[in-house]
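Asker: Okay, here's what each chain looks like letter by letter:
There are 2 protein chains.
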Amino acid sequence: MADTANIVYVALGGAGEIGMNMYLYGYGPVKDRRWIMVDCGVSFGDMDSAPGVDLVMPDVSFVQEIGDRLEAVFITHAHEDHVGAIGRLWPRIKAKFIAAPRFTAEIIRRKMQEAGQPTQVVKTVKWDSPVEAGPFRVTFLPVTHSIPDPAMLVIDTPGGRLVHTGDFKLDPDPVIGEPTDMERLKRIGDEGVLALMCDSTNIFEEGESGGEQPLRPHLKRIITGAKGAVAATTFASNVGRLKTLAEVATECGRSVALAGRAMSRMIETALETGALKGFPPIVPEDRIRDIPAENLFYLITGSQGEGRAALARIADGSHPTVKLKAGDLVIFSSKTIPGNEKGVYGLYNRLSEQGIEVIDDDMEPVHVSGHGRREEIEKIYRALRPQIAAPIHGEHRHLVEHAGLAKGWGAASIVAPNGSMVALDLNKPKIVSHVETGKLFLDGEVLVGALDGVIRDRLKMARQGHVAVSVVIDEDGELFADPQVKVTGAPVKPRGEALDALISDRIDHAISTASKRELRSDDKVQELVERVARRAAQEVWGKKPVTSVMVTRLESE
Amino acid sequence: MADTANIVYVALGGAGEIGMNMYLYGYGPVKDRRWIMVDCGVSFGDMDSAPGVDLVMPDVSFVQEIGDRLEAVFITHAHEDHVGAIGRLWPRIKAKFIAAPRFTAEIIRRKMQEAGQPTQVVKTVKWDSPVEAGPFRVTFLPVTHSIPDPAMLVIDTPGGRLVHTGDFKLDPDPVIGEPTDMERLKRIGDEGVLALMCDSTNIFEEGESGGEQPLRPHLKRIITGAKGAVAATTFASNVGRLKTLAEVATECGRSVALAGRAMSRMIETALETGALKGFPPIVPEDRIRDIPAENLFYLITGSQGEGRAALARIADGSHPTVKLKAGDLVIFSSKTIPGNEKGVYGLYNRLSEQGIEVIDDDMEPVHVSGHGRREEIEKIYRALRPQIAAPIHGEHRHLVEHAGLAKGWGAASIVAPNGSMVALDLNKPKIVSHVETGKLFLDGEVLVGALDGVIRDRLKMARQGHVAVSVVIDEDGELFADPQVKVTGAPVKPRGEALDALISDRIDHAISTASKRELRSDDKVQELVERVARRAAQEVWGKKPVTSVMVTRLESE
Numbered sequence: 001m002a003d004t005a006n007i008v009y010v011a012l013g014g015a016g017e018i019g020m021n022m023y024l025y026g027y028g029p030v031k032d033r034r035w036i037m038v039d040c041g042v043s044f045g046d047m048d049s050a051p052g053v054d055l056v057m058p059d060v061s062f063v064q065e066i067g068d069r070l071e072a073v074f075i076t077h078a079h080e081d082h083v084g085a086i087g088r089l090w091p092r093i094k095a096k097f098i099a100a101p102r103f104t105a106e107i108i109r110r111k112m113q114e115a116g117q118p119t120q121v122v123k124t125v126k127w128d129s130p131v132e133a134g135p136f137r138v139t140f141l142p143v144t145h146s147i148p149d150p151a152m153l154v155i156d157t158p159g160g161r162l163v164h165t166g167d168f169k170l171d172p173d174p175v176i177g178e179p180t181d182m183e184r185l186k187r188i189g190d191e192g193v194l195a196l197m198c199d200s201t202n203i204f205e206e207g208e209s210g211g212e213q214p215l216r217p218h219l220k221r222i223i224t225g226a227k228g229a230v231a232a233t234t235f236a237s238n239v240g241r242l243k244t245l246a247e248v249a250t251e252c253g254r255s256v257a258l259a260g261r262a263m264s265r266m267i268e269t270a271l272e273t274g275a276l277k278g279f280p281p282i283v284p285e286d287r288i289r290d291i292p293a294e295n296l297f298y299l300i301t302g303s304q305g306e307g308r309a310a311l312a313r314i315a316d317g318s319h320p321t322v323k324l325k326a327g328d329l330v331i332f333s334s335k336t337i338p339g340n341e342k343g344v345y346g347l348y349n350r351l352s353e354q355g356i357e358v359i360d361d362d363m364e365p366v367h368v369s370g371h372g373r374r375e376e377i378e379k380i381y382r383a384l385r386p387q388i389a390a391p392i393h394g395e396h397r398h399l400v401e402h403a404g405l406a407k408g409w410g411a412a413s414i415v416a417p418n419g420s421m422v423a424l425d426l427n428k429p430k431i432v433s434h435v436e437t438g439k440l441f442l443d444g445e446v447l448v449g450a451l452d453g454v455i456r457d458r459l460k461m462a463r464q465g466h467v468a469v470s471v472v473i474d475e476d477g478e479l480f481a482d483p484q485v486k487v488t489g490a491p492v493k494p495r496g497e498a499l500d501a502l503i504s505d506r507i508d509h510a511i512s513t514a515s516k517r518e519l520r521s522d523d524k525v526q527e528l529v530e531r532v533a534r535r536a537a538q539e540v541w542g543k544k545p546v547t548s549v550m551v552t553r554l555e556s557e
Numbered sequence: 001m002a003d004t005a006n007i008v009y010v011a012l013g014g015a016g017e018i019g020m021n022m023y024l025y026g027y028g029p030v031k032d033r034r035w036i037m038v039d040c041g042v043s044f045g046d047m048d049s050a051p052g053v054d055l056v057m058p059d060v061s062f063v064q065e066i067g068d069r070l071e072a073v074f075i076t077h078a079h080e081d082h083v084g085a086i087g088r089l090w091p092r093i094k095a096k097f098i099a100a101p102r103f104t105a106e107i108i109r110r111k112m113q114e115a116g117q118p119t120q121v122v123k124t125v126k127w128d129s130p131v132e133a134g135p136f137r138v139t140f141l142p143v144t145h146s147i148p149d150p151a152m153l154v155i156d157t158p159g160g161r162l163v164h165t166g167d168f169k170l171d172p173d174p175v176i177g178e179p180t181d182m183e184r185l186k187r188i189g190d191e192g193v194l195a196l197m198c199d200s201t202n203i204f205e206e207g208e209s210g211g212e213q214p215l216r217p218h219l220k221r222i223i224t225g226a227k228g229a230v231a232a233t234t235f236a237s238n239v240g241r242l243k244t245l246a247e248v249a250t251e252c253g254r255s256v257a258l259a260g261r262a263m264s265r266m267i268e269t270a271l272e273t274g275a276l277k278g279f280p281p282i283v284p285e286d287r288i289r290d291i292p293a294e295n296l297f298y299l300i301t302g303s304q305g306e307g308r309a310a311l312a313r314i315a316d317g318s319h320p321t322v323k324l325k326a327g328d329l330v331i332f333s334s335k336t337i338p339g340n341e342k343g344v345y346g347l348y349n350r351l352s353e354q355g356i357e358v359i360d361d362d363m364e365p366v367h368v369s370g371h372g373r374r375e376e377i378e379k380i381y382r383a384l385r386p387q388i389a390a391p392i393h394g395e396h397r398h399l400v401e402h403a404g405l406a407k408g409w410g411a412a413s414i415v416a417p418n419g420s421m422v423a424l425d426l427n428k429p430k431i432v433s434h435v436e437t438g439k440l441f442l443d444g445e446v447l448v449g450a451l452d453g454v455i456r457d458r459l460k461m462a463r464q465g466h467v468a469v470s471v472v473i474d475e476d477g478e479l480f481a482d483p484q485v486k487v488t489g490a491p492v493k494p495r496g497e498a499l500d501a502l503i504s505d506r507i508d509h510a511i512s513t514a515s516k517r518e519l520r521s522d523d524k525v526q527e528l529v530e531r532v533a534r535r536a537a538q539e540v541w542g543k544k545p546v547t548s549v550m551v552t553r554l555e556s557e
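So the protein lines, in turn, are chains A and B.
Under the numbering used here, the residues of the first sequence are numbered 1 to 557, in order.
Under the numbering used here, the residues of the second sequence are numbered 1 to 557, in order.
Read the hints as simulated data drawn from the structure, not as lab findings.
Hints should not be assumed to be uniformly reliable.
Identical copies go unnamed one by one, so any copy, or any two together, can satisfy a pair.
[As the list claims (entries may be wrong)] Okay, derived cross-link-like pairs now, DSBU-like style, lysine-lysine, Cα gap no bigger than 30 Å in a straight line:
(1) 277 to 94
(2) 524 to 430
(3) 342 to 407
(4) 428 to 342
(5) 524 to 325
(6) 94 to 323
(7) 323 to 126
(8) 31 to 123
(9) 227 to 430
(10) 186 to 323
(11) 430 to 544
(12) 486 to 516
(13) 186 to 486
(14) 428 to 524
(15) 430 to 277
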């Protein structure tokens with residue numbers, strides 16, 4: 001159908017697949033539409049889908065298409081999946097400014113700086129003070145989540161009010177920041193909400209997530225019971241949790257030390273920006289060894305099993321300052337992100353092999369999610385009573401389940417996966433068009449498209465290995481020397497005989513017996529050599545490697 | 001310490017890491033020791049650790065070392081992680097025979113046949129009838145697990161009795177097979193058990209796993225409530241579950257159809273061997289389309305998200321006979337194995353995108369584990385009262401937790417990870433030596449060692465790509481032609497300029513300006529070219545690819 005809408009919404013990341021959140025809201029007739037972006041996140045490459053890739057970002061072709069009709073970027077909070085792409089993608093984004101609350105704004109500035117981008121475009125916004133951006137008026141309201149200063153956005157347009165929750169839970173007594181003002185939300189609902197875009201992460205979980213405070217007695221019991229050093233790991237940005245852990249440890253008479261630069265930086269930034277008030281004293285690194293193990297409590301990065309993080313290095317004995325030994329305890333005050341299980345369990349085992357005890361949230365209540373469960377989501381619907389619901393931040397089945405819940409609250413709900421442009425002002429929500437979506441990979445220092453073939457070729461080599469062949473021939477295809485073959489990632493002698501020698505012999509034979517006509521074209525020679533090389537490998541190894549053939553044509557004397 | 005033991009135990013796989021179970025028991029003084037093997041399993045390669053590898057098996061160097069002092073192989077049950085390596089490794093195993101109960105024996109015969117190995121070495125054993133193997137007398141007792149004919153082994157030696165549980169749970173009312181005879185176990189305990197090697201899988205789970213029967217009412221409610229076709233997926237070998245699912249579906253008035261060859265074969269084998277008695281009628285493939293969707297119930301392979309299994313193909317619309325559509329339902333009557341989460345969730349989403357509902361065991365009680373939880377493990381200790389416990393089948397931390405539990409039951413317990421040779425008859429259990437352990441990869445048709453470098457090179461290419469270079473030079477290092485460069489798995493034009501051309505130019509320059517002396521050795525030329533190629537890539541891409549350099553030296557006219 002034609003796009004006759006005046007208010008539209010489209011996700012470029014975050015709806016239908018988890019990670020790299022990026023949402024756009026548009027106002028005005030299609031030709032002249034003004035836009036704002038909400039969030040600009042990354043996800044991370046893994047061996048299955050993107051080996052060697054540092055960051056995965058949304059394809060921003062559509063953002064480049066709207067050019068300077070994009071008024072501004074609003075960031076809900078500073079988690080990497082909401083802000084991680086801002087520095088790298090800024091050259092492709094023509095917005096006038098980036099707006100976020102104090103802690104988030106500071107993190108954005110740092111990211112812009114690291115990417116060599118201007119920091120003066122970053123505006124620090126105050127809670128509950130509207131920011132104008134073209135036809136939009138955006139108000140940041142505090143919610144609770146597992147990072148300082150998470151925000152819900154109230155987006156007013158001349159045609160109606162939209163609410164974008166960001167990641168949230170309803171912790172009635174948060175360790176840092178303020179609880180969500182439900183009365184305020186109810187008033188917003190009273191004034192009328194056209195559409196709600198709400199976090200779907202825990203839609204399948206009944207009840208409520210539970211606040212930070214209830215963790216304290218459990219942590220206290222565990223730390224009190226420990227005989228040796230105690231360490232706890234969680235996300236570096238979960239500053240509220242770090243505070244909880246540090247306070248409980250201090251109450252238990254332990255000194256708190258940090259391992260992992262990301263953690264110290266997060267705490268510093270939270271203190272500097274006022275998002276965090278007070279933190280127990282931290283033992284300077286060079287004083288750690290003066291304190292007996294039984295009086296120490298470490299906060300350590302690396303809860304997801306990341307190989308270069310402090311905890312992995314401690315487990316391998318390669319950390320410069322922190323050593324753990326038999327009888328010590330590590331608390332994983334975190335949830336393992338799907339896909340990281342093997343790495344995390346491997347870490348558990350390396351610790352266990354050294355006699356270090358591991359406690360995680362399957363064993364003891366040492367973690368609560370930063371995302372609201374079903375009942376918290378229902379509370380948002382009860383307060384805001386939106387006409388339309390387009391669930392965000394979830395895999396496809398989460399969006400479907402969430403849309404069902406929203407319908408129960410009287411909202412016209414729509415499942416709009418990444419790329420679906422939804423009209424919000426045409427009686428009921430409709431998908432009016434589709435925009436390009438996809439992924440960009442940060443590979444080394446270069447952004448490559450997911451469909452460029454670079455990653456596909458690497459995955460092929462990972463499975464099938466590589467054979468490089470060089471042949472030097474004259475005009476008639478006579479070989480000047482034995483074909484040279486280099487095999488990488490295949491057995492050296494699959495059946496006793498060297499694979500490279502076998503392939504070289506076979507190519508020699510094939511070229512010597514081919515017709516002159518066939519050998520006159522370099523392309524034909526290449527094809528022939530490739531075919532022979534792959535067939536030889538298949539015969540003795542059972543696999544056809546990726547093959548690079550180089551033909552050098554010289555004149556015969 | 002010196003190995004003065006007469007009874008020893010060593011795991012080559014399965015203790016300290018999950019997957020590929022292989023255990024050895026030895027009797028006699030070290031020089032003259034006779035051995036039996038229990039289980040001979042595989043695990044599967046993944047992109048993180050072994051891309052392109054089909055099967056991962058234990059390194060059997062030690063088994064080859066003991067040669068024909070290995071009397072026999074006993075297989076507890078037919079799961080791949082207990083039996084999958086038998087065919088491929090048999091040429092390296094000098095045992096006289098392989099013994100297993102009927103269903104397991106049949107699966108072993110098939111594996112031997114597929115690998116071109118003799119099937120007459122496979123002995124079908126009867127329950128509770130001892131099998132002699134050198135100084136060992138091994139008795140198979142029925143337990144319950146998620147496959148037909150799972151066995152616990154009672155291993156009598158002249159020096160004492162050992163019990164090896166295999167994988168087990170204590171289902172009081174199993175769908176197939178007999179419940180475990182706890183009175184019998186108590187009598188075995190009364191006679192005295194020297195050492196117990198017991199499954200640790202669910203040691204961290206409180207209570208009991210629960211039997212198959214309690215699933216029925218839940219499945220019935222779900223299937224009755226479904227409007228369209230219903231499909232259920234689980235492991236093909238979980239024949240008891242398949243029977244439960246098929247029976248409930250039949251009771252609900254639905255016809256049962258199968259998708260996935262592995263499943264039909266497992267059911268056939270179970271029926272033929274008498275391990276399974278009765279199965280609801282199965283609709284022949286060519287009759288499926290005559291039956292309305294709302295009367296159909298499919299049993300489908302692919303619960304772990306395997307790309308080539310029936311369910312993935314159904315989700316992609318590429319399955320030849322089975323189509324699912326909006327309004328249909330898929331029940332995952334299974335647990336996702338750690339590491340498979342991304343694949344399984346991806347499958348959920350592909351189904352969800354087509355309007356197909358997914359129910360898994362997080363949402364409804366549609367699955368129970370085949371491994372006993374803590375209370376069931378305790379029941380085994382209560383019955384057998386072993387002097388020694390060496391926990392098996394678990395990651396390291398499972399073994400540690402299990403050893404703690406065993407101690408509580410009065411056993412001298414020991415954590416003996418793969419390769420630790422444990423003396424069982426020296427007062428208390430002691431590790432007396434270490435044997436070689438590690439992994440063998442089935443790569444194509446070839447067994448390669450984990451440390452051979454083949455996989456390491458492939459992982460490198462997966463992350464860093466590959467550059468092949470051919471240079472043709474004369475005796476003095478003069479180039480006959482431009483260096484040829486082929487780049488695979490790197491951006492074609494990282495900064496606008498073609499990477500292959502850039503590398504070629506740089507090599508040309510480097511060779512032209514190098515000293516003649518340096519160019520006289522092919523190795524030196526290779527080193528130079530590699531260094532220049534990698535540096536050029538690093539400069540414009542930020543990564544150093546794996547490099548294959550081929551130098552062809554010709555005589556100048």
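Asker: Now tell me if each hint is right for this structure.
Answerer: Consistency of the hints with the structure:
no.: 1; hint: 277 to 94; in the structure: neither (36 Å within a copy, 70 Å between copies)
no.: 2; hint: 524 to 430; in the structure: neither (54 Å within a copy, 67 Å between copies)
no.: 3; hint: 342 to 407; in the structure: between (38 Å within a copy, 29 Å between copies)
no.: 4; hint: 428 to 342; in the structure: neither (45 Å within a copy, 34 Å between copies)
no.: 5; hint: 524 to 325; in the structure: neither (63 Å within a copy, 47 Å between copies)
no.: 6; hint: 94 to 323; in the structure: neither (48 Å within a copy, 46 Å between copies)
no.: 7; hint: 323 to 126; in the structure: neither (43 Å within a copy, 54 Å between copies)
no.: 8; hint: 31 to 123; in the structure: within (29 Å within a copy, 78 Å between copies)
no.: 9; hint: 227 to 430; in the structure: between (61 Å within a copy, 26 Å between copies)
no.: 10; hint: 186 to 323; in the structure: neither (52 Å within a copy, 46 Å between copies)
no.: 11; hint: 430 to 544; in the structure: neither (48 Å within a copy, 48 Å between copies)
no.: 12; hint: 486 to 516; in the structure: both (26 Å within a copy, 25 Å between copies)
no.: 13; hint: 186 to 486; in the structure: neither (70 Å within a copy, 63 Å between copies)
no.: 14; hint: 428 to 524; in the structure: neither (60 Å within a copy, 72 Å between copies)
no.: 15; hint: 430 to 277; in the structure: neither (46 Å within a copy, 54 Å between copies)
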